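Let chain A serve as the given structure and place chain B on it in line with the hints.
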Amino acid sequence: MNNDVIIRAEGLGKKYVIGHSEREHYVALRDVIARTAKGFAQSVTDVIRGQASVTGDTREEFWALKDVSFEVKRGEVVGIIGRNGAGKSTLLKILSRITEPSEGRVTMKGRVASLLEVGTGFHPELTGYENIYLNGAILGMTHAEIRRKFDEIVAFAEVEKFLDTPVKRYSSGMYVRLAFALAAHLEPEILILDEVLAVGDAQFQKKCLNQMATVTSNGRTVLFVSHNMGAVKRICSTSIVLSSGTLQFRGETAEAIHRYSAGMTEDASISRALGPDLTIERLSVGRRGIESGRPVPYEIVLRTLRDTEVMDLSILIEGPTGERVAIIDCRTAEYPVSLQKDTCISFSGILRALPLVDGKYDLGLFVQSRYARGDVRGLSELIVSEPMSQGFPVPYPAEHRGFVTLEHEPRPPKIIRDASLGRNTQIIPASA
Amino acid sequence: MTINANMAPATLPSSEADVLASQRVLVLEAGRAERHYWRDTWAYRELFAILAWRDVAVRYKQTVIGIAWALLRPFLTMLIFTVVFSRLAKLPSDGAAPYPLMVFAGMLPWFLFSTILSEASASLVTNANLVSKVYFPRIIIPSSSAVVALVDFAINLLLLLALMAWFGFMPNWQIVFLPGFVLLAVLASLGPALIITAFNVKYRDFRYIIPFIVQFGIYISPVGFSSTIVSEEWRFLFSLNPIVGVIDGFRWCLLGGESSLYVPGFIMSLLTGGLFLWCGIAYFRRTERTFADLI
Chain A
0 MNNDVIIRAE GLGKKYVIGH SEREHYVALR DVIARTAKGF AQSVTDVIRG
50 QASVTGDTRE EFWALKDVSF EVKRGEVVGI IGRNGAGKST LLKILSRITE
100 PSEGRVTMKG RVASLLEVGT GFHPELTGYE NIYLNGAILG MTHAEIRRKF
150 DEIVAFAEVE KFLDTPVKRY SSGMYVRLAF ALAAHLEPEI LILDEVLAVG
200 DAQFQKKCLN QMATVTSNGR TVLFVSHNMG AVKRICSTSI VLSSGTLQFR
250 GETAEAIHRY SAGMTEDASI SRALGPDLTI ERLSVGRRGI ESGRPVPYEI
300 VLRTLRDTEV MDLSILIEGP TGERVAIIDC RTAEYPVSLQ KDTCISFSGI
350 LRALPLVDGK YDLGLFVQSR YARGDVRGLS ELIVSEPMSQ GFPVPYPAEH
400 RGFVTLEHEP RPPKIIRDAS LGRNTQIIPA SA
Chain B
0 MTINANMAPA TLPSSEADVL ASQRVLVLEA GRAERHYWRD TWAYRELFAI
50 LAWRDVAVRY KQTVIGIAWA LLRPFLTMLI FTVVFSRLAK LPSDGAAPYP
100 LMVFAGMLPW FLFSTILSEA SASLVTNANL VSKVYFPRII IPSSSAVVAL
150 VDFAINLLLL LALMAWFGFM PNWQIVFLPG FVLLAVLASL GPALIITAFN
200 VKYRDFRYII PFIVQFGIYI SPVGFSSTIV SEEWRFLFSL NPIVGVIDGF
250 RWCLLGGESS LYVPGFIMSL LTGGLFLWCG IAYFRRTERT FADLI
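Order-wise, the sequence lines are chains A and B. For the first sequence, numbering that gives the first Met the number 0 gives the first residue as 0, with consecutive numbering after it. For the second sequence, numbering that gives the first Met the number 0 gives the first residue as 0, with consecutive numbering after it.
Bound-form chain A, shown alone (with noise of 0.2 Å):
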């Protein structure tokens, strides 16, 4: 093995078995007989060899991970991102030994601890001082090591007036900022992380970026899952793109972010319900590689359940803590509009330059029907990338800019006579 590759990973799998019934009305008691034996027979046989049992008439193998190889160097820092269900997990959980893969094999060299929680076995009747022992011990830290940065984690996590506290009457701040805390003064050679950022307060949130930056830069390796673009972009200097099991990039992070967004509106297709009268079948805004400024197009698709009438339509933007970003108001001039039952109807158009920042935003919808009327949250998600432009100057990082682009044309700064500020600056006297 080269000594600068830390971890390689050769052909890894993860298979899962999943059962399914066979929907079919029973009509010999004989047949009910033979497959109750002959499911009662199986799991006996799973038990025995300690698989997994699987409840079912037929038995499907599900690859949860399929065929992935990769290498990290020494003191790399590696964004694993994915869609929901790409295996990002999975993979973290066999990486930190969870569970054992399929086939493949990985070599690891040097001490791992991973963090795929935050608070992980924190309880709730011990004090925050006996918390720090039990979740330092179950992250792997030695009790020395704890001892020694003890006053280190309480001093981060701001907790010094509540270390006899018990945890359970901690405010989900605090619990939060002790759980990071501890996990922030891990020193392993590799650190797997899954996602723990997205708890905590903004200012919270930066300081653990800070702190994971200083990490990093001691030469530790940290493998980092998060459906934050702008945090992975900001402390990973490469990327693993997943999707559905298999690894589909591996290098850049600017182009893995690019190539993740681009695969992410591909199927746009839903089926929820929206009211006694409605469903949707379909919600999209743009569709592949969504750019900040770009022109980018929607589609409501709704199917009626009954004769109906549709009066509002709006796709709502929120934020990642659910607050609004913007709507996009469907109406027109032909609103409202009467429907007859079990028609399909869309609505679309396109926004002519979408200000949104880079970053995850959540998608929903708002609807007033004849029989319906509210918000439907979480439809669906949108995912903004930043174009990659060489030109000056550089954007600031997405969390510093809001959550829209103010168009604007900014003029050349100007060296102004001292004279002409005089002109609209009133000087009252000091003894008026």
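Source of the hints: derived by calculation from the structure; they are not laboratory data. All values reported here derive from a predicted model rather than from experimental measurement. Just so it is clear, CB atoms sit at the ideal spot from N, CA and C, and this is done for glycine as well. Please note: incorrect hints may appear among the correct ones.
Below, computed lysine-lysine pairings styled on BS3-like, alpha-carbon distance capped at 25 Å [unchecked claim]:
#1 B:201 with A:14
#2 B:132 with A:65
#3 A:206 with A:232
#4 A:37 with B:201
#5 A:65 with A:14
#6 A:160 with A:205
#7 B:132 with A:167
#8 A:232 with A:205
#9 A:108 with B:132
#10 B:132 with B:201
#11 A:206 with A:160
#12 A:14 with B:132
#13 A:72 with A:232
#14 A:160 with B:60
#15 A:148 with A:205
#16 A:148 with B:132
Per label pair, the in silico range of CB-to-CB distance [what the hints assert, rightly or not]:
#17 B:71 with A:167: 25 to 31 Å
#18 B:39 with A:233: 33 to 39 Å
#19 B:66 with A:34: 50 to 56 Å
#20 B:68 with A:320: 41 to 47 Å
#21 A:60 with B:274: 33 to 39 Å
#22 A:167 with B:66: 22 to 28 Å
#23 B:60 with A:160: 19 to 25 Å
#24 B:294 with A:348: 46 to 52 Å
#25 A:376 with B:212: 47 to 53 Å
With the Cβ distance kept under 7 Å, some of the chain B side facing chain A (calculated, not the full set) [said to hold, decoys possible]:
#26 24
#27 27
#28 29
#29 46
#30 132
#31 133
#32 288
#33 291
#34 292
The following block gives chain B in isolation, referenced to the frame of chain A:
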């Protein structure tokens, strides 16, 4: 590449163990048997200690009667057994030892056994969040929960000593073997406990077997009566139950010369206990790799 030059001094491995760990190459592969299973488990001894401490601390936090519960249960059981077996059924005690003392000496290992069984079998499921988020040898969880049972045991032992003082009964020199028999009781309990724990991860209804084992077992083990009342031709078969050997051993060392040890039966119990332990560990090791997927 000079790695150490990039590292701040504070991040350098701090002890010899850390240096060893940092040079270790870890290979993860399908079906790869853990070669250094016991060494690995030993490396996690601090986690074992802290989990055991957590279970004990949590058990006695926010309780009013806490320790009193641990005292009341064996005391009342002892009273009832004495009344039923000694007064009503007129069964003989071991030699000259007072019947309540004989019952209590048998009940100590029995309660240890049943507490370990119930604590361990539920432990993996109640710690599901740990199992699915962090790696460590899984055997740590059921075995650390056995420590809680040992704390209860220690409290019961004090109660027994108080009873002995009240009856004016002096134990013999054999009492020095007590720690050995305690260890034996723990090992004999861990075997079945590990099997049930591993089963219970997948089949949550498996733990309902425990009240049954405990209820049934108290009558096929010499808890309320002395092993000596079992007739010679049944004695050997009776000793197949690993707990029989443990209880006889406890009585032998606590009641001194008043109770004699039936050696072939004791060896039989040791063997069955050892077999259970071996099966338990083997089955647990084989299934523990899939726990995170099942839990």
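Fill in: Ascending list of hint numbers which this structure does not respect
none
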